[in-house]
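Engineer: Here is what each chain is made of, one letter per residue.
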Amino acid sequence: MSKHLVVAEYAGGSLHGSTLSTITAAQKVGGDVIGLVVGQGVDSIATEMGKYVPNVVIVDDAKLANRLAQPWAQAIAAVAQNKGATHIWHGATTAGKDIMPRVAARLEAGMASDISAVVSENTFKRPMWAGNVIGTVEVTTDTKVVTVRPTEFDRATAGSETNIEKVETAIDDSRMSFVSFDEVKSDRPALTDADVVISGGRGLKGPEGFTNVIEPLADKLGAAIGASRAVCDAGWVPNDWQVGQTGKVVAPNLYFAVGLSGAIQHVAGMKGSKCIVAINKDEEAPIFQVADYGIVADLFDVVPELIEKL
Amino acid sequence: MKFLCTVKRVTDYEAKIRINSDGSDIVTDGVNMIINPFDEIGVEEALRLKEKHGGEVVVLSIGTSDSVQQLRSAMAMGADRGILVKNEGDMDSATVAKIIQKVAEDEQPDMIMMGKQAIDGDSNQAAQMLAEYLGWPQATYAFKVEVEGTDATVVREADGGMETVKVGLPAVITTDLRLNEPRYASLPGIMKAKRKPLAEKTLQELGVTATTRVVMKGLEAPPSKSAGQIVPDVDTLIEKLRNEAKAI
Ligand SMILES: Cc1cc2nc3c(=O)[nH]c(=O)nc-3n(C[C@H](O)[C@H](O)[C@H](O)COP(=O)(O)OP(=O)(O)OC[C@H]3O[C@@H](n4cnc5c(N)ncnc54)[C@H](O)[C@@H]3O)c2cc1C
Ligand SMILES: Nc1ncnc2c1ncn2[C@@H]1O[C@H](COP(=O)(O)O)[C@@H](O)[C@H]1O
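Taken in sequence, the protein lines are chains A and B.
So for the first sequence, our numbering puts the first residue at 1; every next one is plus one.
So for the second sequence, our numbering puts the first residue at 1; every next one is plus one.
Just so you know, the hints here were simulated from the structure itself, not pulled from any lab data.
Possibly wrong hints are sitting among the right ones.
What the hints assert, rightly or not - For lysine to any residue, the following SDA-like pairs were computed, each having C-alpha atoms within a straight-line distance of at most 25 Å:
#1 K271/A x K240/B
#2 K166/B x R175/A
#3 K166/B x D172/A
#4 K309/A x T236/B
#5 K246/B x D193/A
#6 K271/A x D233/A
#7 K274/A x D235/B
#8 K271/A x I248/B
#9 K225/B x D22/B
#10 K240/B x D195/A
#11 K205/A x K246/B
Start from the sequences, fold in the hints, and give me the full structure.
Structural biologist: This is how it looks when you write it as structure tokens:
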């Protein structure tokens, strides 16, 4: 029988939604699911994790206080071996992508990254070529490492009793150290959690376009803000807002693409949205091919009118 | 300082990707092939660090002899020499990492610069696996890299903000899109590149056996989306969002 170890991701004292989607993916394979919480002073995260899985393991160590790939991979691999895990899971977030390949290498396990579907205990589907292709991959090793595209799996629902256990693992010193974190502070919902996302592109003409046009619409709809690569590169908005093949993958109920052309690399990160609205003055813009509703017009006219009438 | 930069030959990001009739691979006939854009950023960063700190930039590609084209392009940008590890057919990331590990053990670089992901497979694995095999630190998704003595300070693109980490050298670093803008090769650069040394190696020579842990079973097109509608004005849009899509 499969034995799953799902690594918890957390920030600001709470569990990340991607971890709940990852639990669902593990449950699809079937078998026992153990949650793993790595860090320092993480008891409250373990309690939260325990609402979703029957067993939680904590590795609490000062050397794990910051999420550094080398020591974290060591801790995760040690618990996986100790528990005889067949599958080790993490959300395909920046953190998951950073850490989990190291876990796979440490365990000589095969790894499937950013999966969008579970076919069987060892076979998974995953997007490739910026989502132009869906590949089916079989992991042939006994131990498997998998990262999960959170938008493709519903979040696990809270269940029953849990058993929380602390384990110790020896963590070697590494030549990696944490210096600082420059957080993008925002009162808006997180991009990957939001029900509505308003994304802007080069058509906004500058950072003021985001302040004057995108933000008021986001305020009105309680939405998160996303962006095309072009405007992140230009420094108009934080890098963390980039949606796409090499940015964040989002799938809100409602996605507004405002003044962005809809390059395949952008579409790769938002085409799973339930309803897509495109506002672009060029009727040939590829974004209209994925939009449910499109308006061919100047965004500087349309968006203010939309804000007023909503 | 010695830099080892990996360059993968991939389909152009602007190319239309088609799957072949039996779903075993994509069609590459007539498709332009390029250096993986993230790898090009890695070569550029190594060249800039070399300009500052001195040293040598070695570029490595694993694949068929077609990859010589990408190695020459990297040398035309300014890399000093190239290594081609010849291997036909599919390789999983672990195999790629083991090959690079062997080359790194021979070359003893201070820094291995790789792309965060290859834009064909979108795996985002090889560099981190390599770092683990070597027992080296890693700094992925670099936005800024500074070298001081035996350390590199790297600003990384993380979820929710920018993280700064310090890694002792030698280390593996992966590039993100905003690290730099790669230079164009100059004409003299292109001429010079033709004479720069390029070594070829086989897996046997390196002593690596390709152990495939991940097997590609087949490719399919993603589910297609039915065409949407163009609406004439904002009132219609709001009406449709409310009553048809029930999205607001
Ligand atoms: C390796 C690689 C990875 C990449 N990854 C990503 C990624 O993850 N995410 C991503 O977004 N991109 C990514 N890209 C970049 C992508 O290819 C495009 O270059 C980028 O998405 C374009 O951004 P844009 O749509 O804002 O700009 P443009 O393509 O310039 O589009 C601007 C649009 O605004 C419209 N417009 C202008 N003025 C107005 C107006 N007044 N009213 C209405 N409409 C107007 C124009 O008609 C045009 O369609 C990647 C590229 C590469 C090579
Ligand atoms: N065949 C290859 N030849 C050279 N470098 C490669 C090869 N495959 C992967 N890489 C390197 O590994 C990085 C990450 O690739 P991947 O893990 O496949 O997404 C790429 O950006 C390359 O730098």
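Engineer: Can you name, in rising order, the numbers of the hints this structure does not satisfy?
Structural biologist: 11
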